[in-house]
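Participant: Chain by chain, the residues:
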Amino acid sequence: MPRRIADDVRLILREHGRLAVDVGSLADDSNLYEAGLTSHASVSVMLALEEQFGIEFPERMLRRGAFASIGAIRHGLEELIGADA
Amino acid sequence: MTPLAVARGPLEAARRIAEAVAGPTADAVDRDARFPRETIDALREARLLGALVPRELGGLGATVRELAACCEAIGRACASSAMIYAMHQIEVACLVRHAATSPFFREYLSALADGEWLLASATSEAGVAGDLRRSICAVERHGDRIRVVKRAPVISYGEEADGMLLTARRAPDAAAADQVLVLARREDVRLSGSGEWDTLGMRGTRSLGFSVEVDASADQVLPAPFEAIASETMLPVSHILWTSLWLGIASDAVSRARTYVRAEARRTPGVVPISALRLAETVAELGTMTATVHAGLADFEEHQNDPEALSSLGFTIRMNNLKTSAARMAPEIVARSLGVCGLSGYRCDSPYALGRHLRDAHSASLMINNDRVLSSNAAMLLVHKEE
Numbered sequence: 001m002p003r004r005i006a007d008d009v010r011l012i013l014r015e016h017g018r019l020a021v022d023v024g025s026l027a028d029d030s031n032l033y034e035a036g037l038t039s040h041a042s043v044s045v046m047l048a049l050e051e052q053f054g055i056e057f058p059e060r061m062l063r064r065g066a067f068a069s070i071g072a073i074r075h076g077l078e079e080l081i082g083a084d085a
Numbered sequence: 001m002t003p004l005a006v007a008r009g010p011l012e013a014a015r016r017i018a019e020a021v022a023g024p025t026a027d028a029v030d031r032d033a034r035f036p037r038e039t040i041d042a043l044r045e046a047r048l049l050g051a052l053v054p055r056e057l058g059g060l061g062a063t064v065r066e067l068a069a070c071c072e073a074i075g076r077a078c079a080s081s082a083m084i085y086a087m088h089q090i091e092v093a094c095l096v097r098h099a100a101t102s103p104f105f106r107e108y109l110s111a112l113a114d115g116e117w118l119l120a121s122a123t124s125e126a127g128v129a130g131d132l133r134r135s136i137c138a139v140e141r142h143g144d145r146i147r148v149v150k151r152a153p154v155i156s157y158g159e160e161a162d163g164m165l166l167t168a169r170r171a172p173d174a175a176a177a178d179q180v181l182v183l184a185r186r187e188d189v190r191l192s193g194s195g196e197w198d199t200l201g202m203r204g205t206r207s208l209g210f211s212v213e214v215d216a217s218a219d220q221v222l223p224a225p226f227e228a229i230a231s232e233t234m235l236p237v238s239h240i241l242w243t244s245l246w247l248g249i250a251s252d253a254v255s256r257a258r259t260y261v262r263a264e265a266r267r268t269p270g271v272v273p274i275s276a277l278r279l280a281e282t283v284a285e286l287g288t289m290t291a292t293v294h295a296g297l298a299d300f301e302e303h304q305n306d307p308e309a310l311s312s313l314g315f316t317i318r319m320n321n322l323k324t325s326a327a328r329m330a331p332e333i334v335a336r337s338l339g340v341c342g343l344s345g346y347r348c349d350s351p352y353a354l355g356r357h358l359r360d361a362h363s364a365s366l367m368i369n370n371d372r373v374l375s376s377n378a379a380m381l382l383v384h385k386e387e
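Just so you know, the sequences run in chain order R and U.
Once you know that position 32 of the first sequence is 32 in our numbering, the rest is easy, because the numbers rise by one and skip nothing.
Once you know that position 331 of the second sequence is 331 in our numbering, the rest is easy, because the numbers rise by one and skip nothing.
Heads up, a few of these hints could be off.
Interface residues of chain R toward chain U, partial, derived using beta-carbon atoms under 7 Å [as the list claims (entries may be wrong)]: (1) Met46; (2) Ala48; (3) Glu59; (4) Arg63.
These stretches of chain R come out as covered by chain U in the derived footprint (C-beta under 8 Å, 3 or more residues) [unchecked claim]: (5) 23–35; (6) 49–58.
Rather than coming from a laboratory, the hints here were simulated on the basis of the structure.
Computed from a predicted model, the values in this text were never measured in an experiment.
For glycine and all other residues, C-beta sits at the position ideal for the given N, C-alpha and C.
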């Protein structure tokens, strides 16, 4: 399951993140902002993730740290999906 | 002699300078579009430029609340001076809040407080369409030296500053949004200015375009990434200090309108002048603006030591709302005050003159255009939920 989430996150980042580097070259803990994620693009990424996983990020997750790396995003998603189940 | 801000506190010092220096020179500064040297020198002498620097580094350890009150007080007298003071303090706030762990910057802040240096901001850049969060220029490292070449379409009071903070990409191969903030002292910079500053208002800020060449020590790159500095300090402190000085412009306009109506009333005792009705309305508007600005300040104070809260979408949206609302209200309140004073406010040679206030207040929705701020909120609101 965790593997699958990370793959989806990478696909969404590739499509909506407008990163300056190839998503494939990023480690799970690479800093996405350093990879060129802008605040505008991060909104697109959040929207796409909400649609893909059928969840809504609560207010407490809508902060910079929660979207700083693929690992951080996966962690947040696992928490939300776990909470739904 | 003990400096005024040490003896009387920052706000009282700012009030006195506003009354004795900024007010009397404001019309000349505006007319000639010149740097308000007398006022900045007076602020320097009073030790108000280094006010935000912590006491242990030789400053006054002033709070953002105190600075906001100073900006409002100076803004009542001379908006250009208040804007220069605000922009300088925004830069100092970035250093105090994000660089004070570095030995170089501790020493620099202490020297800044001692020399009462004036800092400018070189965040704008040709080719990024006004986006603070993207840079084209980059920091090139050569051993322990760095080099940055930037084309800045606007650096307010750039010619007068003792130093400036500029944004640049972290390295030549870094993404446009992967930015750092670099301190360039006067001796590190080669500036070539271009153009003139002949504007409708805020004429004393002398916001010329420059080509900037920096050759500095690698220590002069702030340790924190710019995106953290921007959301945790630059954005909220800018919006708080700017809206405070806009409040000063609006307050002074209303104060002129009140004086005008009282004089009218004294001429016709027993009759409430027709202008009093419009004044009542304007005073209510000013009350709303005051509450808006104070609420923004309280919001920042509540979260100022919580980086996660400051970087949240909710907080960013609220700070943006503070900026756009106050920017909309300021010229509206001045225009209403003009309506109250009538021809006396329209004349440039009357004690009720409001032309300068009106022109200065119109800058509010243009500096970081309200539409840009609103569209940024529009995007964030797509994912933001009510708290």
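Participant: It remains to establish, for every hint, whether it holds in the given structure.
Facilitator: Checked hints:
1. The criterion of a C-beta within 7 Å of any C-beta in chain U is met by Met46 (chain R), whose closest approach is roughly 4 Å, and the hint holds.
2. Annotation: interface hint on Ala48 (chain R) violated; nearest CB of chain U at approximately 10 Å, more than 7 Å.
3. Contact between Glu59 (chain R) and chain U, as hinted, is supported at the beta carbon level, the nearest pair being about 5 Å apart and thus within 7 Å.
4. The restraint placing Arg63 (chain R) at the interface with chain U holds, with a minimum CB-CB distance near 4 Å, inside the 7 Å limit.
5. Residues of the segment 23–35 of chain R with a Cβ under 8 Å from some Cβ of chain U number 3, which satisfies the need for three, so the listed coverage holds.
6. For the segment 49–58 of chain R, the stated coverage by chain U is satisfied: 4 residues place a CB nearer than 8 Å to a CB of that chain, which reaches the threshold of 3.
Consistency with the previously given hints fails for number 2 only.
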